[in-house]
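Asks: Residue-level listing of the chains:
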Amino acid sequence: MEAARAQNHQKRVAPKEQPPQQEKRAKKRKPWAPGLLLLTSILLFLFGFFVVPMLYILYLSFISTDNLSGEGASYSLSNYITLFTDSYYLNSLWVTVKISLLSSLVALVLGYPIALTMAKASAKIRALITLLIASPLLVSIVVRNFGWYLLLLPNGTVNTLLMDLGLISKPMNLLFSEVGVIIGLSNAYLPFMVLAIVTSLYNIDPSLEKASAILGASPLRNFLSITLPLSLPGIVSGCVLVFSLSMSAYVTPALMGGANVPVMPVVVYDQINNLLQWTFGSALSYVLLGTTLLSVFLFTRGFEKSKFKEVFR
Amino acid sequence: MTTAISDVEIKGAIKKFGSNIVLNSIDLEVKQGELLTLLGPSGCGKSTTLNLIAGFLEADQGDVFIKGKKVTKVPPYKRDLGMVFQTYSLFPHMTVYDNLNFGLKLRKIAKSEQKKKIDRVLELVKLSGLEQRYPRELSGGQRQRVAIARALVVEPELLLLDEPLSNLDAKLRHELRLEIKRLQKEIGVTTIFVTHDQEEALSLSDRVVVMNAGKIEQISTPTSIYKHPKTEFVFQFIGKSNSFEGMVTSTDQERIMVQAGQEVTSVSWDNVIGENRTFQNGDEVKLYIRPENIHISESQEAVDGYELHPAKITQLNYLGTSWEIDVAFMGKSLQILTNEYRSSWKEGSEVFVGWKPQELKIIRKE
Chain A
1 MEAARAQNHQ KRVAPKEQPP QQEKRAKKRK PWAPGLLLLT SILLFLFGFF
51 VVPMLYILYL SFISTDNLSG EGASYSLSNY ITLFTDSYYL NSLWVTVKIS
101 LLSSLVALVL GYPIALTMAK ASAKIRALIT LLIASPLLVS IVVRNFGWYL
151 LLLPNGTVNT LLMDLGLISK PMNLLFSEVG VIIGLSNAYL PFMVLAIVTS
201 LYNIDPSLEK ASAILGASPL RNFLSITLPL SLPGIVSGCV LVFSLSMSAY
251 VTPALMGGAN VPVMPVVVYD QINNLLQWTF GSALSYVLLG TTLLSVFLFT
301 RGFEKSKFKE VFR
Chain B
1 MTTAISDVEI KGAIKKFGSN IVLNSIDLEV KQGELLTLLG PSGCGKSTTL
51 NLIAGFLEAD QGDVFIKGKK VTKVPPYKRD LGMVFQTYSL FPHMTVYDNL
101 NFGLKLRKIA KSEQKKKIDR VLELVKLSGL EQRYPRELSG GQRQRVAIAR
151 ALVVEPELLL LDEPLSNLDA KLRHELRLEI KRLQKEIGVT TIFVTHDQEE
201 ALSLSDRVVV MNAGKIEQIS TPTSIYKHPK TEFVFQFIGK SNSFEGMVTS
251 TDQERIMVQA GQEVTSVSWD NVIGENRTFQ NGDEVKLYIR PENIHISESQ
301 EAVDGYELHP AKITQLNYLG TSWEIDVAFM GKSLQILTNE YRSSWKEGSE
351 VFVGWKPQEL KIIRKE
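The listed protein sequences derive, respectively, from chains A and B. In terms of UniProt numbering, the first sequence opens at residue 1 and continues consecutively. In terms of UniProt numbering, the second sequence opens at residue 1 and continues consecutively.
Bear in mind the hints are in silico, worked out from the structure with no lab data behind them. Hints may contain errors.
Under the rule of at most 20 Å between Cα atoms (straight-line distance), these lysine to any residue pairs were calculated in the SDA-like manner [claimed, not checked]:
hint, chain 1, residue 1, chain 2, residue 2
1, A, Lys-307, B, Asp-283
2, A, Lys-309, B, Gln-132
3, B, Lys-126, B, His-174
4, B, Lys-108, A, Ser-225
Quick look at which bits of chain B chain A covers, simulated, 3 or more residues with Cβ under 8 Å [claimed, not checked]:
hint, region
5, 74 to 84
6, 100 to 106
Quick caveat: nothing in here was measured; it's all calculated off a predicted structure. Even for Gly, the Cβ is constructed at its ideal location relative to N, Cα and C.
All chains, full assembly: derive it from the sequences and hints.
Replies: Put into structure tokens, the structure is as follows:
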């Protein structure tokens with residue numbers, strides 16, 4: 001589901017222009033018919049295993065029950081009212097958004113130079129970097145998180161090293177904190193950021209850099225005025241990807257943050273699996289989904305309305 | 001050109017890409033205010049030469065001077081040039097106005113001056129009123145005009161044009177070619193124009209540099225390039241030509257007598273192409289004649305004192321202002337470009353062809 005959602009977001013960011021339908025043919029032959037036929041199986045699959053469960057969860061979120069057996073169920077907004085009046089859940093939502101934003105930012109700052117290097121490199125080097133960037137995806141996220149344990153625990157490599165160097169006097173709380181979750185998430189989703197940015201960097205006509213250089217732009221000015229704005233579509237879709245993946249991430253926050261960092265997916269899991277509050281959990285998950293969609297919408301809309309709107313056409 | 005100050009000078013430039021020698025010791029001077037064309041087939045080194053001047057490439061050996069200053073190691077952004085690219089290269093995220101203002105801002109021109117300069121240059125390229133358009137909203141011809149305006153607005157030391165017309169259709173290309181010529185004369189900026197289109201080069205330039213395989217074949221005015229080619233390559237590259245093989249039978253002070261097939265013809269020493277200008281009896285030579293210099297007629301009556309010989313039409317192509325006629329002549333195919341067309345002619349018609357001996361060019365066969 002995470003992946004499906006992420007793809008949706010990406011479409012929103014970089015709307016591919018539909019090829020103009022040839023009107024004359026459309027009238028006679030219905031050119032969409034074969035395409036629809038091919039789509040049928042996947043549409044049925046999506047409907048049965050994605051749309052229906054989602055609608056069912058939405059339905060559940062409007063049910064209020066007094067007890068676990070579901071007796072005395074009635075339609076009401078009480079789940080949502082509880083959620084928006086209890087500071088615990090509001091705080092959890094805020095922490096989730098904050099961590100997702102910061103993870104996107106860290107991934108952007110780390111990913112952009114890599115993408116830039118890739119875009120400028122020869123085909124060989126580019127293939128090598130792509131391989132390096134994508135290789136962590138081959139390792140299970142659980143294994144990777146336990147790898148971070150070795151590095152980030154109070155007696156782990158990082159703290160030991162910093163203490164031995166005399167830079168800190170006592171171990172930092174890197175694990176089981178927001179910092180740990182941000183480290184884990186930005187690391188895990190860095191490949192998505194790099195690949196999104198590199199795609200938009202490839203699309204920049206190399207002669208634009210020449211044109212700006214000959215007009216007197218130094219390499220730095222060139223980057224700020226030409227390369228950076230023209231790679232905005234990649235930055236936006238990379239950020240949207242990392243943000244929405246982070247918003248719905250469960251494993252990394254659970255392992256790297258634990259009880260100290262109660263992000264929404266962890267809270268939802270708790271409600272449904274441990275407390276058996278299906279209806280409240282459903283409401284929580286819809287609020288999470290709504291927040292993600294709204295943030296992404298505002299973010300991309302902001303860019304598309306900005307002075308760089310021409311870049312997104 | 002009375003003034004002989006050179007705005008650009010390239011001395012002994014050698015450039016290799018791997019083991020491939022792209023420029024093989026180029027020497028070039030561009031005079032102040034002239035429009036110089038670098039002409040040649042793709043891979044001849046013309047774009048590399050332009051890139052050396054622009055600073056996008058650095059020669060392995062040799063130096064580049066602009067206005068007497070050595071700029072061999074100076075990066076492009078410090079050279080104060082204007083350049084127009086084949087792909088327009090307008091900044092897609094900026095309006096026409098911002099595209100033009102880009103160079104002005106970098107030169108820290110005052111705001112009030114910026115607008116004046118932009119208005120003036122837009123008027124020059126006939127695009128006033130399109131300031132707020134984005135490049136996407138312009139036609140190909142308009143984009144290239146903006147690109148030219150963007151290069152000119154900064155009042156550069158030199159204007160470099162890298163095949164600026166090759167992405168446009170024939171009519172626009174012609175229109176813009178005339179416009180570039182007009183602008184260049186009006187502003188007087190020293191201009192280097194790279195093209196593979198000989199018509200473009202001949203019609204635009206004060207001087208043409210014909211390049212081939214990393215070397216300069218000839219630097220001369222368009223007319224002298226066409227009429228007095230220095231090398232066989234130049235002759236063949238500029239315009240079309242028919243060739244015959246022959247053998248020198250005798251030479252004297254004025255002429256070289258050549259036997260070609262059954263015919264013996266004489267060629268003036270002025271018409272010798274190439275470095276090797278000595279001929280001896282029995283030397284194998286090639287004779288060249290331009291299609292437009294062949295006379296074609298229905299009767300065998302001699303014209304201007306030269307003989308006509310029978311030939312047979314194999315193909316007729318109408319070109320609008322003239323006819324391109326292929327004939328079979330002495331077992332060879334000849335191409336003729338003429339206005340003297342008779343409507344009775346068709347494929348297979350018997351005709352007579354001939355030419356003035358002074359139109360024949362001669363070169364020693366290597």
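Asks: All hints are to be evaluated individually against the structure, with a verdict given for each.
Replies: Cross-check of the supplied hints:
1. A:Lys-307 x B:Asp-283: violated (73 Å)
2. A:Lys-309 x B:Gln-132: holds (14 Å)
3. B:Lys-126 x B:His-174: Holds: B:Lys-126 and B:His-174 sit about 16 Å apart, inside 20 Å.
4. B:Lys-108 x A:Ser-225: holds (16 Å)
5. 74 to 84: Three-residue rule met by the region 74 to 84 of chain B, so holds; n is 9.
6. 100 to 106: The restraint on the region 100 to 106 of chain B holds, since 3 of its residues have a Cβ under 8 Å from chain A and three suffice.
Hint check: a violation occurs at hint 1 only; the rest are consistent with the structure.
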